[in-house]
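So in this note's numbering, spot 14 of the sequence shown is number 78, and the numbers just go up one at a time.
Among the hints, erroneous ones may be present.
Pairwise CB distance ranges, derived in the manner of DEER restraints [unchecked claim]:
hint, residue 1, residue 2, range
1, S103, H75, 25 to 33 Å
2, L73, P99, 13 to 21 Å
3, V71, T96, 18 to 26 Å
4, N72, T96, 15 to 23 Å
5, H75, K100, 26 to 34 Å
Don't read these hints as lab results, they were simulated from the structure. Cβ coordinates follow ideal geometry from the N, Cα and C atoms, glycine included.
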Amino acid sequence: MTGKEIVNLIHALEKKGMTAEEIIEIIKYVETADPKDPSNN
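Construct the entire structure; sequences and hints are all you get.
Pasting the structure below:
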């Protein structure tokens with residue numbers, strides 16, 4: 065994700081009532097999860 069995409073995602077999720085901590089956890093998962101690893105599913 066680009067920086068701009070991350071900022072747009074943060075704004076959208078904040079409008080839905082998510083906390084900063086929840087948003088950060090989602091971003092960490094998206095950026096670090098290996099789609100080939102079956103434990104991620």
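Problem set entry | Indices of hints not satisfied (ascending) | Structure breaks no hint.
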